[in-house]
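Asker: Respectively, the protein sequence lines represent chains A and B. The numbering of the first sequence is the numbering used here, which starts it at 1 and goes up by one. The numbering of the second sequence is the numbering used here, which starts it at 1 and goes up by one.
To be clear, the hints were calculated from the coordinates, so they are not data collected in a lab. Be careful, since some hints might not be right.
[Unchecked claim] Subject to a maximum C-alpha distance of 20 angstroms in a straight line, what follows is the list of computed DMTMM-like cross-link-like pairs (lysine to aspartate or glutamate): (1) A:K34 / B:E31; (2) A:K14 / B:E56; (3) B:K66 / A:D54; (4) A:K29 / B:E56; (5) A:K146 / B:E119; (6) A:K28 / B:E56; (7) A:K14 / B:E133; (8) B:K124 / A:E5; (9) A:K14 / B:E125; (10) A:K14 / B:E115; (11) A:K28 / B:E45; (12) B:K66 / A:E61.
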Amino acid sequence: MTEQELTQLLSRVKDAPTFGGDFSPSEKKRLWEKTAARLGFNANEKQKSYTLVDYLSFLREETGMYMHQFVPVFSVICFVLLGGWVASVQAATTVPGDVLYPVKLATERVQVSFASQEDRPALHAEFAQRRLDEVSEIQGSAREGKTELVRQAVEGFKKEIDNARQDLVTVQGADPKQAVEVAVNLNQKTDALAASLSQTAEASQTGVEVKEAVVQALERVAEASDQTIDTLVTTHEQQPEEETADQLKREFQEEVKGLFGRAAMDVRRAQTIAAVVESKTELREFQSGVEMIRQAFVDQDAALTEAMNIVAAGGYRAGFDRLKQIQQKLLATETSLTTLEIEITSLISASENVTEVESVETPSMQSEEVDKPQQTISF
Amino acid sequence: MSSIKEQFLLSRVRAFDDHAAFERLYEIHIESLRKYLISRLPTREEAEDATVDTLERTYQYIRRTKVDNFIAVLITVARNVSSEYYRARARNPVYLDDPLTSRHTDEGKGARGMEAETEATLVKEAMAGLKEEEQILIIMRHFEGRSFKDIGERIGKSPDAARLATSRALEQLRELLHL
Chain A
1 MTEQELTQLL SRVKDAPTFG GDFSPSEKKR LWEKTAARLG FNANEKQKSY TLVDYLSFLR
61 EETGMYMHQF VPVFSVICFV LLGGWVASVQ AATTVPGDVL YPVKLATERV QVSFASQEDR
121 PALHAEFAQR RLDEVSEIQG SAREGKTELV RQAVEGFKKE IDNARQDLVT VQGADPKQAV
181 EVAVNLNQKT DALAASLSQT AEASQTGVEV KEAVVQALER VAEASDQTID TLVTTHEQQP
241 EEETADQLKR EFQEEVKGLF GRAAMDVRRA QTIAAVVESK TELREFQSGV EMIRQAFVDQ
301 DAALTEAMNI VAAGGYRAGF DRLKQIQQKL LATETSLTTL EIEITSLISA SENVTEVESV
361 ETPSMQSEEV DKPQQTISF
Chain B
1 MSSIKEQFLL SRVRAFDDHA AFERLYEIHI ESLRKYLISR LPTREEAEDA TVDTLERTYQ
61 YIRRTKVDNF IAVLITVARN VSSEYYRARA RNPVYLDDPL TSRHTDEGKG ARGMEAETEA
121 TLVKEAMAGL KEEEQILIIM RHFEGRSFKD IGERIGKSPD AARLATSRAL EQLRELLHL
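Between the sequences and the hints, there should be enough to build the whole structure, so can you do that?
Answerer: What follows is the structure, given as structure tokens:
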């Protein structure tokens with residue numbers, strides 16, 4: 001007999017009464033009644049429906065043997081998590097020098113490590129803003145060693161900007177299209193940071209060392225801004241798309257607008273200087289300087305028009321390069337303006353002092369000088 | 001290892017003396033238990049008594065002890081009960097009629113029915129020569145139609161190991177049947 005034939009034989013006999021194959025439901029019930037009677041049960045007891053509590057009770061019983069090991073471990077985990085949470089909340093408002101400040105920085109590092117690659121530059125920019133907030137907080141407080149604390153916060157700001165730039169490079173390498181969005185976002189943040197940092201520098205009551213650090217930080221922000229533009233231009237050059245072109249145009253217009261505003265202020269300063277120089281014969285020597293500044297504005301205006309034409313023709317990189325050159329020239333012009341203002345003011349002050357000395361000797365001339373309008377240059 | 005459902009029912013019996021839980025365990029396993037005992041004992045009446053004895057002892061055991069594999073406990077108890085039966089019978093021999101002639105009468109089934117019962121009796125006698133585990137394997141696989149996965153879970157082995165053990169049991173049965 002083969003195995004198959006044996007299997008068929010077993011299949012034939014399985015339902016035979018000899019093997020209990022005639023086990024009907026009534027037989028089953030009867031056998032239960034007999035068993036229940038032996039055990040002292042009520043055989044007709046209604047079948048019970050178990051509730052969630054019953055199942056939870058079962059789970060508790062099943063895990064109970066491990067509970068004595070689990071409870072201390074769980075307690076420690078809860079303590080650490082709760083303690084960490086409380087510490088991080090407390091640390092949120094700390095500044096350099098505070099005990100919990102390292103917790104704040106550690107929390108930020110954890111946030112960065114959990115963030116996606118494309119979110120990291122914006123996150124670093126946000127943390128950079130926090131460093132500036134810390135500078136304001138320190139300056140407004142009565143802490144000891146404020147100079148050092150502010151310097152630490154500014155260094156932290158620079159570090160965050162550097163990290164943002166580094167992450168932008170990574171995103172650009174991985175996904176140029178994604179980099180456009182990240183660059184635009186970061187550029188907006190760097191603009192806001194630059195404004196905030198300038199205010200911080202103006203409000204700074206700390207020493208030269210801090211002021212230098214702030215200037216360096218401003219340079220970093222400017223570099224970061226340039227990098228975001230470079231990212232946009234490079235991406236557009238590699239994959240020209242209408243969306244990127246529109247974005248570049250918007251960024252260009254924003255920069256031009258900023259330059260126009262800055263130049264308008266400079267022109268007003270120059271006009272004031274020119275008026276003062278015209279009104280005083282002893283200031284005639286400054287006329288050549290005023291003329292040079294006026295010419296510089298004319299040149300920059302022409303350069304700006306040229307840059308706009310280049311961009312309109314699709315030359316984004318050349319257009320932004322021209323803007324950069326204009327910015328540098330404008331900065332040089334502003335330096336010349338400042339120098340002129342200082343020299344002219346000094347000369348006028350010296351002249352007024354001489355007049356005052358003469359007026360003491362000849363009181364009749366004093367009243368005449370007082371009635372003359374003040375001719376100082378207002379900054 | 002019993003299923004999570006059986007573990008829950010066993011837990012109910014152990015923790016709350018839950019009769020309803022034991023009844024559910026009865027419904028799940030009674031057919032296997034009954035077939036096993038019928039295959040081992042001479043008469044249906046004796047198998048029925050042994051079934052009730054087995055259930056009673058099993059209940060007392062699981063009330064006190066945490067059990068991982070209920071069917072294994074049930075069959076172990078059933079094996080002890082049937083062994084006790086044969087020890088008692090050895091002390092007080094009862095001369096049964098020849099099963100092939102007197103115990104399985106026609107009962108109106110005709111020649112075909114008698115042939116089937118004769119085949120069943122022969123198989124039953126051959127199975128009595130198998131080890132308990134081999135008997136259980138053949139009952140579960142060929143009488144109850146369980147999968148090897150199910151059988152493996154019930155006897156605490158992998159499906160492949162259950163398949164191999166069942167194949168060996170079948171081979172052993174074939175030898176005992178002299179086929």
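Asker: Can you confirm whether the C-alpha distance between K146 of chain A and E119 of chain B stays at or below 20 angstroms?
Answerer: violated (104 angstroms)
Asker: Given the hint that K14 of chain A pairs with E115 of chain B, test it: the Cα-Cα distance must not exceed 20 angstroms.
Answerer: Given that 20 angstroms is the threshold and the Cα spacing comes to 14 angstroms, the pair holds.
Asker: Does the structure keep K66 of chain B and E61 of chain A at a Cα separation of 20 angstroms or less?
Answerer: Roughly 11 angstroms separates the two Cα atoms, so the pair holds.
Asker: K124 of chain B and E5 of chain A: Cα distance at most 20 angstroms?
Answerer: Holds: K124 of chain B and E5 of chain A sit about 17 angstroms apart, inside 20 angstroms.
Asker: Does K14 of chain A pair with E56 of chain B here, judged by a C-alpha cut-off of 20 angstroms?
Answerer: The hint is violated at about 26 angstroms.
Asker: Holds or violated: K66 of chain B with D54 of chain A, Cα cutoff 20 angstroms?
Answerer: holds (18 angstroms)
Asker: Within 20 angstroms, alpha carbon to alpha carbon, are K14 of chain A and E133 of chain B?
Answerer: holds (18 angstroms)
Asker: Keeping to a limit of 20 angstroms between CA atoms, is the pair of K28 of chain A and E56 of chain B held or broken?
Answerer: holds (16 angstroms)
Asker: Could you grab the alpha-carbon distance between K34 of chain A and E31 of chain B and see if it respects the 20 angstroms cut-off?
Answerer: Holds, because 15 angstroms separates the two Cα atoms, which is no more than 20 angstroms.
Asker: Are the Cα positions of K14 of chain A and E125 of chain B separated by 20 angstroms at most?
Answerer: Holds, at about 14 angstroms.
Asker: Would the pair K29 of chain A and E56 of chain B pass a check requiring their Cα atoms to be no farther apart than 20 angstroms?
Answerer: holds (16 angstroms)
Asker: Next pair to validate is K28 of chain A with E45 of chain B; report whether the Cα-Cα distance is within 20 angstroms.
Answerer: The given pair, whose Cα atoms are some 14 angstroms apart, holds under the 20 angstroms limit.
Comparing the model with each earlier hint shows violations of hints 2 and 5; every other hint is respected.
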